[in-house]
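Engineer: Produce the entire structure from the sequences given, and follow the hints as far as they go.
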Amino acid sequence: MRDYVIRRCLYMVPTLFAISVVAFLVIQLPPGNFLTTYIAQLSAQGQGVDGAQIRALEERYGLNDPVVVQYWKWISGIVTRGDFGQSFQFRRDVSELIWNRIGLTLILALSTLLLSWAIAFPIGVYSAVRQYSVGDYVVTFIGFVGLATPNFMLALLFAWVSFRYFGQSVGGVFSPEYADAAWNLGKLLDAMSNLWVPVVIIATAGTAALVRVLRANLLDELRKPYVTTARAKGLPEWRLILKYPVRMSLSPFISTIGWILPTLIGGEVLVSIVLSLETTGPLLVEALRNQDMYLAGSFILVLGVLTVVGTLLSDLLLAWWDPRIRHQHVERV
Amino acid sequence: MVRTPNLPPPAPTGTGADPGRAPGDVPQRVLVRRRFLRNKLAVIGALVLCGFVLVSVFSEFVAPSTPHAYDASRTHAPPQRLHFADTDDGFELGMYVHGFEVERDPETFANNYTVDESTKIPVGFFVQGQPYEMWGLVPMDRHLIGAKDPAQEVYFLGADRNGRDMASRIVYGTRVSMSIGLAGVAMSFVLGLVLGGISGYFGGRIDNLIQRVIEFLMSVPTIPLWMGLSAAVPREWGAIQTYLAITVILSLIGWTDLARVVRGRFLSLRQEDFVTAARLDGCRSGRIIGRHMLPSFTSHIIASLTLAVPFMILAETSLSFLGLGLQAPVVSWGVLLQEAQNIHSISGAPWVLLPGAAVTVAVLALNFVGDGVRDAADPYR
Amino acid sequence: MTEHTDTAEETVLDIRGLRTHFLTDDSVIRAVDGVDLRVHRGRTLCVVGESGCGKSAMARSVLQLVEPPGRVVDGHVFLRPDGAGEPVDLAALGPTSREIRAVRGNDVAMVFQEPMSSLSLVHTVGNQIGEALRVHTGLSRKQARARSVELLERVRVPGAERVVDSYPFQLSGGMRQRVMIAMALACGPRVLIADEPTTALDVTTQAQILDLFADLRRDSGMGVMFITHDMGVVAEIADEVAVMYLGTVVEQGPVDAIFHDPQHPYTRALLEAVPRFGAARKGRLPTIRGSIPDPGDQPSGCVFRTRCPEAVEGLCDTTVPPVTVPGPGRRIRCLLREGPTAPADSEETVDAD
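Same order as they appear, the protein sequences are chains A, B and C. Those letters in the first sequence? Residues 1 to 333, per my numbering, in order. Those letters in the second sequence? Residues 334 to 714, per my numbering, in order. Those letters in the third sequence? Residues 715 to 1067, per my numbering, in order.
No wet-lab data here; the hints were simulated from the structure. Only a predicted model underlies this, so the values are computations on that prediction, with no experimental measurement involved. The C-beta atom is built at its ideal place from N, Cα and C for all residues, glycine as well.
Simulated DEER-style distance windows between Cβ atoms:
no., chain 1, residue 1, chain 2, residue 2, range
1, B, Q544, C, R812, 44 to 52 Å
2, A, W72, C, E875, 54 to 62 Å
3, B, V581, A, Y165, 38 to 46 Å
4, A, R326, B, N541, 18 to 26 Å
5, A, V145, C, E875, 50 to 58 Å
6, A, S133, C, S886, 41 to 49 Å
7, C, G852, B, L613, 52 to 60 Å
8, B, F391, A, V145, 26 to 34 Å
If you want the footprint, here are the derived chain A segments under chain B, 3+ residues with CB under 8 Å:
no., segment
9, 11 to 23
10, 154 to 165
11, 265 to 277
12, 281 to 294
13, 297 to 306
Facing chain C, a subset of chain A residues (Cβ under 10 Å, in silico):
no., residue
14, K224
15, P225
16, R231
17, A232
18, G234
19, P236
20, E237
21, K243
22, R247
23, S251
24, W321
25, P323
Structural biologist: Shown next as structure tokens:
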């Protein structure tokens, strides 16, 4: 088990490196460098350009150095000092801007994950065990619709319905009276009362996908000989289904965290924009539209790293859950 | 000791028959077609899909108007209900819609529409209307459906904030969104087939490398990444350039699934007895791949392709919705939905959400068809 | 051969007119089509036949373990209790009823072919062996584990204390099959149904497992129904033999009689297809011509006539052969063999020698 954990952690290193390269690419891709954008912005506002400041920035990011050196300066700044660069739009360090937002994104993604699991598990088991029943057809159909509807459409529909029929304008994580308050129980409850809507909306697509995965896996497992063996021992039907095939089909289910996390974070970004939540989504889009590239790149970097860490956790969970992996008896496909 | 020939024991779950033997020796593709046709949802999906394809091929003709013709006096005009028979005095067959009374709100300057039951605008098939060029080549002015009087406008699905006909815009959007889905999938298909094939064929270090790349691409949140890449597409680029760039960006990330399918199939088929048998019979590898391996997984490829199209469509819609994908004046479902970003325009004119319904229906149909093909191709899974 | 008396009480499992059909969209497949068999206390009945002849479906039908679309549609499976008491008809119980569950793994236990796929790979060996005990006797987890160790020792698994906490994928094929057997023995069943338990094993391991079966049967006095397609295995462990073809038993009788005086053309063909020492190198080994017909489309009359070298046109393709009794304990379904017709629903028992 220890070997497995070490090996799995080492696997992460190249992935993390690749993510940092991609994030850096996103920063570098727009024509010109950020300094030209910055200067253009300053002169557009009618401000003089401070030569000393520009030189300081050039020095900080090594703008006149080769790309590799620039990358090195950028990434070492992040790793050693937590320096993500500067947002030109807000004239502040990126690190001041992103952490709160990312925290909320994380809370959203995690609660969505838990909710989709809680919904998908019983439904998936039911529709596999009662294959071709009316309930199965209904669930499958709803699942299909859930998969086919873009998350932001659901958010829009929700916004419309609540505006039209309840006269409420949805949006924001905090009600005005709590927006600037320090964290306390009231603020927490307020946040929760506003967050359940986006959580439900983001969870739809993920839940639909999970139900389909679980149903397909369980259908496969239900036909395996070991189920007959268990039945031949005289176990009650539900008990044996939960103990054997469900337990087996949960392994691929757990490993879905790996790909459901990216989907959730993507969905979160879109839904947050529609519902104007104070998470990464709106700020990221704004940064991209304004070519505020250090801000955008940092978001992509941090979200990517978080996803990879999430995948690592799901793999470790899987190893704990499945003795075949724990004992290194992995069937490689 | 020689045993009597022992095939796998009869599967108690299946038919009890030898599953390898097709009754009556019907060719596999006939069986696949028969099984597909038995799946009602898949057949319905296929019909709906045919409708979408026809609409996108003949957009100019199908649309009652053109997507860019506007009428400032008809901003946010509501959908007009199509009546098939006149029952006011007696019964008279014939399609018509009622006209509007327009009142301008003096404070908000918004148009308030009321249906004017007394006016009737006759509607017919193959009518003269806005001139257009079929496929950009043939100048025409006939439309599948529209007001009989070319001077009149009808809005079956309402109008947007510039008084443009939503029905026409959705029809044109179908062409762009469906084609970007297909083009994106075609490109990912090439990437996936080549890289997945290399991965499965050579194995070893190259396989390992490609697998790591795939794992990486699958572990990164795609939407932020797509957003980052499309933000880098220069604003000055024309419609066609942007279109191509977005397609490339979508397929650069979307090929991974296909590559995995191709590689997995390749690897598992390589170990199948019938492939070994063909090899022992002295078949060349070209013949083995073309004659023995490909037929047994074309259906899987078709299924994966069908299931990949909706993914592309959803991605394009999301990006364009955020203003990071296609840009007006190009008309795609996502671009159309940009109008729906504002809660006030949605509450005033809910029909701006209709392109979203088109997305859902198209994606649903594609999913049904893809699942149907997969189930028909592989009934024992 | 063990001593026994020829009384009906010695029969523990009495299968009469069992029919199991698979109902698919297009057709009805009659996997088991009127089977009469008896399993006696302390003796082994071997059911032999080619793949697809319905022997597995028959074995599963006893405990109502056939999965949909398969269903036991007709017949009786009487399980006789120890001592006095009325026999229970298992075929009349619902497949998920509490009554059939009380029999499964308790009075009648099964061993399956592929120990790798028939065991759960994510549960420990001890967990899976002790499970039947915990269900049927209400032992605690700890007691069940201790009992599992004893059972493993009984099936001669070395290092049982260690094996009990390991997972099946850590064991060899032979060990896994021993675990399967230990699992079946857990509640001391009166009937053990073994569905090709040695097929997936290599020859040496196969011999060891067969020895184990013989010893267990002798020690415990349980009746064993042993499904196989291997005449060599039959010769080694059977007391009685039933030959199945396309869902029916074409011939049955004591093992010596079947081997030395096979009556049915199919039994003869099966025995001729077995190579013998010394007889080799003279021409090809005889084979049975043709292959089993599609189960969805059975021949009229005698099911074997399409492959039978002796088939008589006008007789075998029109008349369903009745069961004849050419000698003590023998039953044959062939129109070409003389003998008194068996009385319907007879109470006579199959007699060895």
